[in-house]
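Participant: Take a look at the letters that make up each chain.
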Amino acid sequence: MANTYNLSHESLKGLFGSLRRDGRRILAPVDAAGRVELGEVEAPSQVAADYLQTILSAKEVAFPKVERLLSYTIAPGRVDLKDAEPRALPTVLFGVRPCEAKAFGALDAVFNWDYRDKFFNARMEQLAVIGLSCTKADEACFCTSVGGGPADATGSDILLTPIEGGYLAEVCTEKGAAIRALAPDLFRPGNGVDKAAIAAKVQQAFDQPALTSQLPGMFENEVWADQALRCIGCGACAFVCPTCVCFDIQEEADPKKGERLRCWDSCGFHQFTLHASGHNPREVQGARWRQRVYHKFSYYPERYDMLGCVGCGKCTRACPVDMNLKEHLIEAAGVKA
Amino acid sequence: MSRIGVFTCHCGENIGATVDCVKVAEMCKDIPGVVHSVEYKYMCSDPGQRQMQEAIKEHKLDGVVVAACSPRMHEPTFRRAAGDAGINPYMCEMANLREHCSWVHEKGEATTQKAADLIRVLVEKVKHNEPLHPIKVPVTRTAMVIGGGVGGIQVALDIANGGHKVVLVEKSPSIGGHMSQLSETFPTLDCSQCILTPRMVEAAQHPNITLMTYSEVEKVDGFIGNFKVTVRKKARKLDEHLCTGCGLCIQKCPNKKISDEFNEGLGTRTAIYVPFPQAVPNKPVIDTLNCTYYKTGKCKVCEKMCPTNAIRFDQEDELVTLDIGAIVLATGFKLMKTDAFPEYGYGKHKDIIDGMQFERLASASGPTSGVMKRPSDGRSPETVVFIACSGSRDRAKGVPYCSKICCMYTAKHAMLYKHKVHSGKAYVFYMDIRAAGKDYDEFVRRAIEEDEVKYIRGRVSKIYEEDGKLIVMGADTLMGGEPVVIKADMVVLATAVQSNDRSEELAQTLHVSYDSYGFFAEAHPKLRPVETNTAGIFLAGACQAPRDIPETVAQASGAAAKVVGLFSNEELTREPIVAVVNRQAAPVYSTCVGCFICQGACPYQAIEQEEIMARSGEVIMTLARINPGLCQGCGTCVATCRTKAIDLQGFSNEQLYAELMTL
Amino acid sequence: MRIGYYPGCSLLGSSREFDESARAVLKALGVELVEVPDWNCCGASSAHILNHELSIALPARILALAEQAGISEILAPCAACSNRLLSAQQELEKHPELLPGIEKAIGMPYKGSVKIVNILEVLDRLKVLISVLTTAPFRKKVASYYGCLLVRPPRVVNFDRPEDPQSMDLLLKAVGATPVEWPFKTECCGAAFSVTRTDIVAKLSGKLVQDAVKRGADAIVVACPMCHSNLDLRRAEINEYLQKEYAVPAMFITQVVGLALGLDPKALGLHRHLVPVAFAETAGVQS
Amino acid sequence: MRVLRVPCTGRIDYMMVLKALHKGADGVIVSGCHPNDCHYTSGNYHARRRWMVFKKMMEVMGVDMRRITFSWVSAAEGARWAQLVNEVTDQVRALGPYTEFRQVIGAGIE
Amino acid sequence: MEAVIQRAKELLEQGEVKAVLGYAKGTGSARRPHFARQAGQLDKLVMDEACVQNLAVYVTKHEVKKLGKVAVVALPVTQRAILQLMAERQLRDGSLAILAVDDGAVKELDSASALEEHLALKAQVLNAKDKASLADLEAMDQGQRWAYWQKELSRCMKCYACRNTCPMCYCDHCTMDCNRPQWVPVASHGIGNLEYHMVRTMHLAGRCVECGDCGRACPVGIPVHLLTIGAEETVHELFGQRAGHKAKLDYALSTFKTDDKESFIR
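Residue numbers (this note's numbering), protein chains in the order written: chain B, 251 to 587; chain E, 229 to 891; chain A, 49 to 335; chain D, 47 to 156; chain Z, 2 to 267.
What the hints contain is simulated information worked out from the structure, not anything from laboratory work.
It cannot be assumed that every hint is accurate.
As the list claims (entries may be wrong) - If you want the footprint, here are the derived chain Z segments under chain E, 3+ residues with CB under 8 Å:
{"hint": "1", "segment": "82 to 92"}
{"hint": "2", "segment": "218 to 231"}
{"hint": "3", "segment": "250 to 264"}
Since we're looking at a predicted model, the values are computed, not measured.
Where a beta carbon is used, it is the ideal one built from N, C-alpha and C, also for glycine.
Could you put together the complete structure from these sequences and hints?
Facilitator: Structure (C-alpha cells):
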C-alpha cells in the first residue's frame, strides 16, 4: 500500500489547523436540522458524527447547480462581453465517502473528454479530497458491485479509515502528500491494519460487467417501461447523483445586459429531448429511465471505459417514489436476452 | 432584426414645453432596432402623417412607434396612416408622452430621460407585435331605442328614415315621456302636445319602427352588431289587437280615485286607464295594484263593457328576445320631489308644488284644464312665488350641478301664470339666470319687462303656512340682504333634474358606465358625446345630463347618425384585439390541457370546446377555442390560464414581458 | 334602568325646576340617576369661542369621570350641555392626535365610550310606560318648542328632523296633550342675548309667543333652560314689545309629563315660574 | 414611475408584478376601474380575487407588501389618480430601495 | 387491508381493470407505489400507516392511461385529488375503479357523483403538524418570514420533485417550461427559486387537496407543502371553497362574488 500512517483524533485537529493556516477552506458533512449536508468547518468536532452520507453529492464543489459562464452589457451600437472567472477557492473536502471521491473521476471524464472545461478544472485543481471509509452501509449502497468499495482509495488524495483512537491515513496522491507535508509529524508511521475488517460489509449485488455486455441487447425490452411506470420524471436522482454531468445553458438577458448561466439538467425531465418541432425522441418515461441506466452502465464504459455510477445509493434515497437502482439493476441483469 | 421608426411629437406645447423632443429623437437612434428617429411639432397633422408614411416607404420600416398623446386619442389615426403606407396597422404603437410624462412632470433632464424610456418600452413591444387583421363580424341591421320620450322618438324616426328597422321600448303605457306632460315650451311658447303628438303618431305608423310600450329591457348579451336583448312586455291585461281604443272601459270603470302619475298626483284616474288623451298607442292598461278585481276578485265592469271583449285578466308578462345591432339609451330624467325640502315643510304643504305639477295645472289636458287653481282649495292664486335652484347647485342635497332647464321653464311658468291671472303677482327667487340658448335671454327679459314678473335675487330660507297663506321668508341680496317676506297663495319649486329611476340598474344590465348621480357616462365629453365606452351603445338626451328639448333632439339625431353609420356597411370590422388559444402540430396540438378554468373567467361566453379527432374519429383531446366574434379582448382568461396557453393579440405575454424588461 | 346624570350649571341655578321635574319624573318612571361625581362646567357657550382645547377638555373631563364611575350612558337634560359633550366626543374621535394633550390637561384617561343622550331621547324610550302611568292627562293645546341646540348642527347632534322635529310632539300626545301645527319649532329665541340685548330677545321670543297663542296654544313646552328663561324670564320685555299681555306659560316637557303622572306641582318646581302656570290642576300654587 | 398599459385589470398576471420586482422596482401600483363599473363586466372582480390570494401568498413568503399598492381608479378620476401616485411614490421613497429583495436577484450564482 | 387486496384481485381476474395501483414495501421502511398487472404481483400490495403518498399523480399520465382501466387504492387525499381532476375534465367517469380506503373500511366508487357524496360524509381536517407550522409562520413578522423562506429556498435545486409528485400538476407544458416569454427563470438561483415557488403556490391555491406529498418529495426537505396548503386554507377562509369536494368545477379564481370582502384595495 502507499505510505500509510496513523492519525490520532488530536493530530487530525492539528491537521485542520494547518490546512486552515494554509488558506484552505474545509468542507465536510455537517448536521443541519436533522439533515447531513456539506458545510464549512473549522475543526473536526463540527463534522457530523455517525452519518451514512450527505443527501446531496460533493460534485457541487466542482460543478455547482448554477454557474455564470459569461456576462455582457449592451450599449448603443455595441456589446461588451465579459468572461466570468471561475470562483475556485482552495478547498479540502473532508469526510467524503470513497464512492463520492471516486465519482470525481467520472465527472472529469466528461469535462475533459475533448474540450477542457475551464470552470470544472479550475475548481478541481484547488480541490483536495480526504476520504473517510464507510463503517456502515444501507440497502441502497452497492459500491462493491461497480468496482468500488467501502474503503476504496480511488479518487481520495488521502483516505482515512477509522481505527482505535484515530484513523489509518493512506496518502495516495501528490496532493495528499502535499497535505501531509504541511504537518508531517502528525502522521505516525502506521502498523498495517486490515481495512476490510473495519470497513462496512457491502455484498455484491450483481455482475456488472455481465450486465454492461447484456444491456445493448435489451434496449427494446419491456422491463424498462415496467420499472419506470412509477417514475414521476423529476430531477431528484440526477441532481443528487455525484456522477451526473448533464447541464443546461440558460441566457438571462434584457435589452441592457445579460448573462449566460450553466445549471443542472436531468435526462429524466419530460422536455430534456423535446425538439422545437414538438417531436420528442424519448416521449415516454420508460425511455427516459432506460437512458439513465444505459448512459451510466453502457455508454460510459463504451466511451470512457469506466462506469458512470459509483453505487452510492443517493438516487434511491432521494427518490420520492423509491426507485431503488440496485434492485432495478438486479432485475435487469436477471432478464434473459 | 426589425426596422423600427420612432416619431416624437411636440404636440404643440403639450409635450414640447417640458420634454426636449429633439434630444429624445436623438436618444432613440441608439435603441437597438431603431433605424429612423425624427421629431415633429404636430405628428397627427396631415403633414406629420405624410412625413411618417414617406419615412415608412423610404426606410422600409416594419414597425412604428409614435411618441405623442394617449393612444385613446390618435391610435386609430396613426394606425390608419401606417396601414396606408403599406405596413400592417397593428405594427404601429403609441408611447404616451403627454399624460404619462410631459403633463405630470416639470421641464428637466429627468423628464426627457423618462420620455426616452417610455419610447424604448414601446419599441421593445413593437418588436414582438404581429401583423393583425380586423375581424369581420356580421351586423344585425336592427336598432333598439330604450326610452320613448321626445329624444327616443327622434332617434327612432331618424334611424327608420335611414332605412333600418327600429324597436322603440318604453317603460310606461305610452310614448311621449315628460314632454307630453308639458303645457307650452320655451322659448316659443308653442303648445307641447301640438308639436309632439304628430311625431308620436309618425313613430307609431312608421313601417320600420316597432313600438314596445309598457315594456322594460331585462337582459342584454352579446356585443356591438350582435346584441341579444331580452325585453319584458309587461301584461296590459288586455289583447292589444282586439282593443280599438274606444275608451268605454275607462268611462265605466268605477274605481276613479287613483292618484294619476301623469298629472303628478294632482288629478285622479281610473284603474283601467290611458295616461293622457293623445297617448300612443291609444290602448289602456289595467293598474293591477289598485284595480278592485285584483284586490277582491269582484267588479270586472271593464270586461262586461268592452265591445270587442279584449280584456284578459290572466294575461302574463311576456319575455321577448330580439337580435339587435345597436342600442340607443334615451331614458330621460326625473324631477326631485318637493318632500326633499325640510326647510319648505317636507312636502306637507299642498300648495308647494314642483315644476311638472305646475305644467299640469297650466296644461289644457291637465286636471284643472289649464285654469290656475291651487291644489289645496282650488282657489285661483293671487300671489305665486317661483323658487329657482330648488335642490340644484346644493351640495347638502347631493346635487352640486346646475339642472340647466329650470331658469327657462321658471320664466315660462311665471309668464303663463301672468297670462292666465292678469291681476296676479309673480315673484321669482333666483341665484343666477342661466338662459344661454337662442332667444332664451330675450324670453326671460320679456317675462320681467312685459309680464312684470318680480325677480328677487336671493334664497328662500323657510316657508310656513299661516291663515291659509304660505309665508315665504327670503332675502334680497341686491338690496343689501334685506329680509323679504311674501305671503303667497302658491309656491312652485324648480326642483333638481336627476337621473331617472333605476338608471344604474339599466346601466349595469348594459355594462355601460355611469357617474355618481346615475347619469350615463359618455365616451368623451367633447369628442364623443353621443357614444358610451361600450361599443354599439349610444346616448341621447337627459339620461346623460340635464338637457332641454332642443339639445335632446339634436343629440338624438346625432346618436341616430352614429347608428345609421354603423349599419351602413355589410360587416363590422372589429379590433383584432382578441384572445387566441395556441395551436401546434400533432401530437401536441396545443399547450392547453382542457381544464376549462378559463371558461369561468369569460363574461362574454366566448370560450368554446373544440374536440381534436384522430383520423379514426376518436376524440383525442378537448381543447379550448375562443370565438373571435364574441371575445372583447379583456384578457382575463389569459391571466387565469395556468399553462399560458391563451394569449391576447395586441397585449400578448411576449409584448408585455418585453415592456417589463425595459421598465 | 340605570343612567348617568349630568345636571350642568343652569339646572342648579336659573332652571332648578327643570332639574327637580326631571328627577321627579324619572324617579316615578323607575329610572335610577347616577350623578357624575365631581362634575365640572361643560364650557357652555363661552369656552368654544375663546379656546378650542379648553372647549374639548371640559366636556372630556366629564365623560372621563363618567367612564371611571362605570357609566355607559349619560343624560344631560340641558341642550347646551349635551351639545357640548357630543361635539367634544366627536372632535376627539376625528382628531385622535389631540387625545394625549387632553388627557394631560384633565389628568385622567379618556376612552370616549360613553353614549350621550338628551332628555327627549330618554323620555321617548319610556313613552309606553308614561302613557300607561298617565293619571291626569294634560288636556291642553301645546306648542312644542325645540330651539336650536337640541337639533343643530345635525352632523354633531344627529337627533330627530332638524327642520321639523316630532319627538316632543309625540311625547305630548302620549300624555294627552294636542300639539299645534307650528312652524317656529326651531326658530331662534334670542339665546344668549337674554343678558346683553334683551330688545332682540323680546322681538324674537315675542314672535314665538305671539304665533303660539295665535295658533291656540295654552302653553309653550320646551326642553332647554335657555329657551325657557327667554320665554319666561323675559316675558315683561316681550309684552312691552308686543304691546299686549301674553300670559301663555312656558313649561318644561318634564313638568308636563310630571303633571300627567299626577306628581305634586311643587315637586315639579312649577311655583318657580315668572309667568304663572295658572292651570286648574295647579290651583293654589303660586310663586 | 413607469407605466405598463393593459386593457383590463383582468389581464394583469401576478407574474408581471413579480417581473417588475425582479427588474428592480421598489414599488408597484396595480390599478384599474372600480368593481361593477368594469367596461368588460367582470374583469376587476376576477382581479380582486386573484389579488386577495396573491397578497396573502406574498405576505406568507415575507415580501414587504407596503411596497405593492392595489387601488381602484376609474378613467374619470384623474385627480384621484395623481394623488394616489404621489402618495405611493412618497411612501415607497420613504421605505427606500427594496434591498432585501434586490439581494436575492443576484444570489445563488457561483 | 385484506379486503382491498381481495377486491383488487377480483377486479383484475374478471378483467374489469387492467392494473391495480396500490402501495408496496420499498427500500428500508419506505413504501412505494406499485402497479400490479397480473394476479402474481398482487401479493406485494400492502396497506398501513406508512402508505401516505397520493397515488392520484399517476392517473393522468399517458403511460398509465395506455394501460386501460386502473383500480386505484385511494386514501382520502387521493379521493379528493381524483374528484378535482374529474372537475378539471382530466378524467372521465368510469375511467378508474376507485377503491376508497377510509381508516380501514373499503368502498368501491366509479363515478364523480358517488365520489362527491362519499367525500361529503367526512370533514377535511388539516393535520396538527402542518397546522402548527402554519401557525408558527403566521406568528413571524414579515422580516422573519422572508429570512426563513430565503434560507429554505436557497437549498432548492429545482429538481421539480414537488411539482411532479403533485396530482394537480398534470400540465404537459408547465409555465416553468414556457420560454416565450421566460416568465420564471429556469436556473435555480435566488430569484429563480423564489418566483418558481410563488407561481407554484398560486397555481395550487384553491386546487390543492392538502396531501403534503410535495413537502415529502423534496430531497433536501424544504417544507414547500406549507406554501400550497397555506394558500388552500387562505382560499377556503376568503371564499369558502375547497378543492376536491365538488364534481362540477368549483374553483375560487375562475369565478367571483360582486361583494367579495377585502380591506387592502384603496
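Participant: Quick check: do three or more residues in the segment 218 to 231 of chain Z have a beta carbon closer than 8 Å to a beta carbon of chain E?
Facilitator: Violated - the segment 218 to 231 of chain Z has 0 residues with a Cβ nearer than 8 Å to chain E, which falls short of three.
Participant: Quick one: see if chain E covers the segment 250 to 264 of chain Z, three-plus residues with Cβ-Cβ under 8 Å.
Facilitator: Satisfied; 5 residues make the cut.
Participant: Tell me if chain E covers the segment 82 to 92 of chain Z under the three-residue, 8 Å CB rule, please?
Facilitator: Check passed, 3 qualifying residues.
Hint check: a violation occurs at hint 2 only; the rest are consistent with the structure.
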